[in-house]
Amino acid sequence: MVTEVSPYFKKIDHENDQSYKTSHLVLLIVLSLLLYFAAPIPARAILWPVTTDVHITECRDTWQQPCSEDVYYSGKIIFLEQGKPTAPRPPLSSGVRIVGIHCEAGGNGVPFSQCSWADNLSHRPDLAYGCKFVDKDHWDIKDISQCSFGTTWGPHGGAGPGGECVMVGAQSQSSVLLYTPWGALHALDVANSGSRNCSQPLAPEVGCSVGTLQTLEHGALGPTDNDIRTTYTNVSCGLSPKVTIVGGATLNLGPGVSTTLTAWVENQRLTVQSDLTITGAKPGAYSANAVIMVSPD
1 MVTEVSPYFK KIDHENDQSY KTSHLVLLIV LSLLLYFAAP IPARAILWPV TTDVHITECR
61 DTWQQPCSED VYYSGKIIFL EQGKPTAPRP PLSSGVRIVG IHCEAGGNGV PFSQCSWADN
121 LSHRPDLAYG CKFVDKDHWD IKDISQCSFG TTWGPHGGAG PGGECVMVGA QSQSSVLLYT
181 PWGALHALDV ANSGSRNCSQ PLAPEVGCSV GTLQTLEHGA LGPTDNDIRT TYTNVSCGLS
241 PKVTIVGGAT LNLGPGVSTT LTAWVENQRL TVQSDLTITG AKPGAYSANA VIMVSPD
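The numbering of the sequence shown is this note's numbering, which starts it at 1 and goes up by one.
Check before you lean on any hint, since a few could be wrong.
Here are the in silico distance ranges between beta carbons for each label pair [as the list claims (entries may be wrong)]:
# : residue 1 : residue 2 : range
1 : Gly238    : His138    : 41 to 47 Å
2 : Pro90     : Thr271    : 37 to 43 Å
3 : Asn120    : Ile228    : 44 to 50 Å
The hints are simulated quantities; they were obtained by calculation from the structure and are not laboratory data.
Backbone N, C-alpha and C define an ideal beta-carbon position, used for all residues, glycine too.
Work the whole structure out from these sequences, hints included.
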């Protein structure tokens with residue numbers, strides 16, 4: 001029986017085994033959801049690159065917007081087990097592509113506008129040449145050891161903080177949409193959806209801190225079953241912290257196995273609940289990861 005998560009998750013957990021503190025607005029938490037069966041048949045999940053620990057390192061105010069010129073970023077891209085893809089690879093899509101969002105206007109309470117996917121080092125970190133998909137039909141990356149990413153990018157100039165982020169996927173020649181294993185995304189929609197799809201660093205002067213979240217383990221369950229598990233940690237992030245589950249609250253761990261996550265903050269305590277549903281699943285070990293972002297309201 002499998003008794004531990006992948007080394008990619010363990011590495012993250014090791015880096016955050018003390019109280020995690022940051023000076024920027026958005027705080028990231030990574031957790032793992034585990035379901036075990038007796039037989040060692042793996043679920044169909046993929047490891048996918050996710051941007052974490054993103055923050056603005058420096059910026060310049062303009063007469064139109066604070067922190068909207070000469071904006072430089074720092075962050076990490078790590079591989080997490082993201083569960084089963086729900087969207088097919090589109091025909092004629094590119095190889096592995098890392099892109100950022102550029103918006104000309106918006107921020108500080110104003111909706112973002114004139115947004116597009118930007119494939120340049122002002123809006124996303126560098127990507128190693130050897131990072132490739134296993135073939136033209138599947139989302140699996142051939143050799144993740146060949147996928148090394150830079151950790152800094154910039155400068156951006158245009159909209160204020162809160163709309164721009166970095167994502168990995170594939171694109172067609174038009175580059176209007178970014179295709180991901182979980183659907184096609186338009187830059188304008190992503191920019192205005194908060195942290196629904198990716199990590200969006202906000203103004204650097206606001207701080208958050210959070211403790212360590214324990215792994216949610218659902219244990220050994222039957223082929224048709226339900227289970228609810230909860231974990232907690234302390235949070236200090238303004239008077240009314242906002243909690244967002246990046247990518248959505250529903251995780252597909254494999255055929256017949258899904259969970260719905262709920263996360264909220266009350267009395268400076270973050271609660272994360274996993275409501276797991278199993279419907280005719282095959283025996284095997286199932287796991288997935290989620291990124292939860294906490295920011296001041």
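Structure-based check of each hint:
| no. | hint | verdict |
| --- | --- | --- |
| 1 | Gly238 with His138: 41 to 47 Å | holds, 42 Å |
| 2 | Pro90 with Thr271: 37 to 43 Å | holds, 38 Å |
| 3 | Asn120 with Ile228: 44 to 50 Å | holds, 45 Å |
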